[in-house]
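There are 2 protein chains.
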Amino acid sequence: MFASRLRLVSTRLALHGIKPFAINNAIKVVSTAHISRSYATKSGKQVSYTADKFPGYVRNENFKKLTEQDVEYFKTIVGENGLIYNNEDDLFAFNTDWMHKFRGKSQLVLKPKTTQQVSEIMKYCNQERLAVVPQGGNTGLVGGSVPVFDEIVLSLQGLNKIRSFDSVSGILTADAGCVLEVLDNWLAEKGYMMPLDLGAKGSCHIGGNIATNAGGLRLLRYGSLHGTVLGLEVVLPDGTILDNMSTLRKDNTGYDLKQLFIGSEGTIGIITGVSILTPHRSKAVNVALLGLNSFEDVQKAFKQSRIELSEILSAFEFWDINALQMFKKHATPKEVMQNEYPFYVLIETSGSNKDHDDEKLTTYLENMMVDGVAEDGVVAQDETQIRELWSLREGFTEALGKEPAVYKYDISMPVPKIYECVQDMRQHLRNGGVFGKEDSPVTDVVAYGHVGDGNLHLNIAANRLDNRVSELIEPYLFEWVAKHQGSISAEHGLGVAKNEFLGYSKSPVMIKLMKTMKNMLDPNGIMNPYKYLPSS
Amino acid sequence: MFASRLRLVSTRLALHGIKPFAINNAIKVVSTAHISRSYATKSGKQVSYTADKFPGYVRNENFKKLTEQDVEYFKTIVGENGLIYNNEDDLFAFNTDWMHKFRGKSQLVLKPKTTQQVSEIMKYCNQERLAVVPQGGNTGLVGGSVPVFDEIVLSLQGLNKIRSFDSVSGILTADAGCVLEVLDNWLAEKGYMMPLDLGAKGSCHIGGNIATNAGGLRLLRYGSLHGTVLGLEVVLPDGTILDNMSTLRKDNTGYDLKQLFIGSEGTIGIITGVSILTPHRSKAVNVALLGLNSFEDVQKAFKQSRIELSEILSAFEFWDINALQMFKKHATPKEVMQNEYPFYVLIETSGSNKDHDDEKLTTYLENMMVDGVAEDGVVAQDETQIRELWSLREGFTEALGKEPAVYKYDISMPVPKIYECVQDMRQHLRNGGVFGKEDSPVTDVVAYGHVGDGNLHLNIAANRLDNRVSELIEPYLFEWVAKHQGSISAEHGLGVAKNEFLGYSKSPVMIKLMKTMKNMLDPNGIMNPYKYLPSS
Chain C
20 MFASRLRLVS
30 TRLALHGIKP
40 FAINNAIKVV
50 STAHISRSYA
60 TKSGKQVSYT
70 ADKFPGYVRN
80 ENFKKLTEQD
90 VEYFKTIVGE
100 NGLIYNNEDD
110 LFAFNTDWMH
120 KFRGKSQLVL
130 KPKTTQQVSE
140 IMKYCNQERL
150 AVVPQGGNTG
160 LVGGSVPVFD
170 EIVLSLQGLN
180 KIRSFDSVSG
190 ILTADAGCVL
200 EVLDNWLAEK
210 GYMMPLDLGA
220 KGSCHIGGNI
230 ATNAGGLRLL
240 RYGSLHGTVL
250 GLEVVLPDGT
260 ILDNMSTLRK
270 DNTGYDLKQL
280 FIGSEGTIGI
290 ITGVSILTPH
300 RSKAVNVALL
310 GLNSFEDVQK
320 AFKQSRIELS
330 EILSAFEFWD
340 INALQMFKKH
350 ATPKEVMQNE
360 YPFYVLIETS
370 GSNKDHDDEK
380 LTTYLENMMV
390 DGVAEDGVVA
400 QDETQIRELW
410 SLREGFTEAL
420 GKEPAVYKYD
430 ISMPVPKIYE
440 CVQDMRQHLR
450 NGGVFGKEDS
460 PVTDVVAYGH
470 VGDGNLHLNI
480 AANRLDNRVS
490 ELIEPYLFEW
500 VAKHQGSISA
510 EHGLGVAKNE
520 FLGYSKSPVM
530 IKLMKTMKNM
540 LDPNGIMNPY
550 KYLPSS
Chain X
20 MFASRLRLVS
30 TRLALHGIKP
40 FAINNAIKVV
50 STAHISRSYA
60 TKSGKQVSYT
70 ADKFPGYVRN
80 ENFKKLTEQD
90 VEYFKTIVGE
100 NGLIYNNEDD
110 LFAFNTDWMH
120 KFRGKSQLVL
130 KPKTTQQVSE
140 IMKYCNQERL
150 AVVPQGGNTG
160 LVGGSVPVFD
170 EIVLSLQGLN
180 KIRSFDSVSG
190 ILTADAGCVL
200 EVLDNWLAEK
210 GYMMPLDLGA
220 KGSCHIGGNI
230 ATNAGGLRLL
240 RYGSLHGTVL
250 GLEVVLPDGT
260 ILDNMSTLRK
270 DNTGYDLKQL
280 FIGSEGTIGI
290 ITGVSILTPH
300 RSKAVNVALL
310 GLNSFEDVQK
320 AFKQSRIELS
330 EILSAFEFWD
340 INALQMFKKH
350 ATPKEVMQNE
360 YPFYVLIETS
370 GSNKDHDDEK
380 LTTYLENMMV
390 DGVAEDGVVA
400 QDETQIRELW
410 SLREGFTEAL
420 GKEPAVYKYD
430 ISMPVPKIYE
440 CVQDMRQHLR
450 NGGVFGKEDS
460 PVTDVVAYGH
470 VGDGNLHLNI
480 AANRLDNRVS
490 ELIEPYLFEW
500 VAKHQGSISA
510 EHGLGVAKNE
520 FLGYSKSPVM
530 IKLMKTMKNM
540 LDPNGIMNPY
550 KYLPSS
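Protein chains in written order, with the numbering used here: chain C, 20 to 555; chain X, 20 to 555.
Hints should not be assumed to be uniformly reliable.
If several chains are the same, the list does not tell them apart, and a pair holds so long as it fits within one copy or across any two.
[To be verified] Once the Cα atoms are required to be at most 30 Å apart in a straight line, the calculated DSSO-like pairs of lysine-lysine come out as:
hint, residue 1, residue 2
1, K94, K436
2, K502, K353
3, K502, K132
4, K83, K353
5, K319, K209
6, K72, K132
7, K322, K302
8, K142, K209
9, K531, K142
10, K72, K83
11, K531, K132
12, K347, K421
13, K142, K302
14, K322, K94
15, K373, K302
16, K142, K537
17, K209, K436
18, K502, K209
19, K180, K436
20, K421, K132
21, K322, K180
22, K180, K502
23, K322, K209
24, K94, K124
25, K302, K502
26, K209, K124
27, K72, K421
28, K421, K319
29, K322, K373
Derived from the structure by calculation, the hints contain no laboratory data.
None of the values given here were measured: they were computed from a predicted structure.
Work the whole structure out from these sequences, hints included.
Structure, rendered in structure tokens:
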């Protein structure tokens, strides 16, 4: 029945030029599961230290330098095998982010296995003024999870147990170090799914997701972590365990303190446990890809999808031809359309009734073709094709990573402004003489992102790092974003990459209150220093 | 087509005993729009003062007593007409909650019209140590929005303008004093709706909803305000305006400070502006009512609805026969089923395609009848019947309000425990000798609530206030809830009614941190004193 109904759908769509795409020969599968480690084999010598690369960082001399006695003490907590000490090779992966843009000089990684151990470690570090960087899957893009100087890395990878699951309410509790994809696969067997999904799912930890308030591909449908996280267990900088592991959907008893830790990037505490509301896994998932002529059309397609696909819409992603060409430069993505178009939109629906969803999607796609909003379209016919269409969207990050240099931005703004920003940046770089000529350092400006969230991933690829380029981009881009009431960091966070620019998105009153909050919770400033908030 | 398709659906359902209910003669319409004022005509003399009724309250003598000079100063900010001073009759409605359980002794109500005026008022009050109670629609149930002693009432009703609406993203910005229903009606014309709905919608303010983290009838579908509120404008206790009116779905730039004010019940600042994500108004809404034999069956019906109705499920409410009988005692609800059942479930679906939704609901209802989960069922055939079914659910609060005395509780816990709690409480009151005999003070124990949220509204009706009853209920009920990892306040908040019991739901570490937070933001303690956090 499944196949024949699909044929019917296909026939109806074929009238309008929308095709199921042919199952061609094997394509290069872009495995998102290993993105975060795909560059980790490069030699350490190639990666310069953050403190050298970005001048202005000075080690805070209030922090004690690690001693042999300290290491001996930590061994009493985590055991001989629970730490990595003074071993450059083994330390490298913890000192360096996966993009190899940031690198710290830590001599010690601690791998506690329980919340109690995390608490004991923090109590000691606070007493001794030893600075600490909490680290999850280390898949971040802003240098938030690696040290700048000699901060101790506290890795959560040893806290990786699922604690409980309530199959009536769909509420999951788990250690913070559980890998997102592992949790999602585990829930799949129970008919549930994690309410967030992102490219790095094979490596990132749920604790890190929450500490960075990860958004990702399905925020449009399942909302932000501020809504889905029901409880947290957090170790405060002085070692106090804050047990707020509620498994209730409703609980109005006092300030919702856990919210402060969602998106706090390890600066006021270490998330060790998580309680999260998980939605039912949809029985039916459809994915369609559209080719469009303008960003105007992308917006029209989005607006109409909100009306016609409404409750089953689970993703609405876009990219431009430059992103596709960048992908093709470094890999061989599946050819799913005969022609190329200036814009692409990937639409995913998830629902409980395949027939209903097919009908809604078919009607929507027909309307898009008839109204001239879309130029071409394909609909995935099975799980494999769904993955193939998604792999197009998910391949850009890895492809860009193969460029000699890439300036990455993650900004949000009102939807109509998104592509104006991209075009303006291209012109600005051309005017500045760094883009558009044969010997220009900038080779391309690539755009993709989550239309539904007003979230643009703007990537400026270059054949070398060039001060002229950086100076043309920043603060120009941040000023542009601020002028349009946008955010300089939609989902990647601040880390060391954006902290000094916070003033473009938050008022002095807000920043002052943030600093008061930080000082209250971490008076010695030992948690993830040199990051997040501006230094001055 | 609409009617004929409905007939088809009806025929299919009729086979299983599920009927569209007949449009009978006019029923008493329970208007929820006026609930909050329905008792305000009672004479003030009947309502005793909070400080007399609940002994233990002592006026904090650090607070200055209001002087004529203060009043003159406030006139320079809000004008002669912007305040009510020393007029018992006019002050009554601001000093008293709508249930007439709590009553303060304020001599002054201020009605600013702008955020700037709120700021000037707070700056002065903070300098002068004048205590302040922010007040929205005054529809709360825990005494949070009325004074205990002579605190100045700062009413937000003058801040009632819609600021902006983005019809692509569905993001609304508005003054905090806008009435929820007014906003919802305004959005209806644009094809959108507010993401929350509750019985008091005709009076409550959006600012008050956020200050109390209101849950209500559709949290199941649209999630908590922690997820849907995108930005807030807040006047801090010292008059500082915290402008966090973001209209972005994604913004990871620093601690999400606005979250602290969601559910803070006016104790750390006054919400003056709101930015909120609103969903598309559904084209199709269905409401069905089921009669069931046990709470086991209620749970089965719920679990199956999550699977079969999934993305279109927008409410799943339950009540017991006692609730229905209480309604019938004070009003004449529509008779929609021939027989009575121990339990009722109201199911609402909202979706973008009426045919699809009807089919899903019909299949679900058929399954419930065939599997013997439901004993009887009716499906609303039009808007009027939808309202009639909802009015059943919404009538309990008003009916209970007509009892001589009612002990109201709003608790959350794992779904399977909900009715165990009710039965246990009945037995406990019987054992205590206050329920079950002809001259017992307790006349009934009535239960209804939001199954999907694990949220029970437990109401103990009595023919008089009786210390034996209160002492049997509290802390027994709170201990019961704590033992089952529940919350002593699911959605109503703490106010003066629950603050001393916070320890049943939050650990000493959590409460200590809450107090630190309060002291940091309101060092003089002038904001909504005597409430929210425990005094010791």
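| Hint by hint, which ones does the structure fall short of? | Violated hints (numbers, rising): 1, 2, 4, 6, 8, 13, 14, 20, 25, 26 and 28; every other hint is consistent with the structure.
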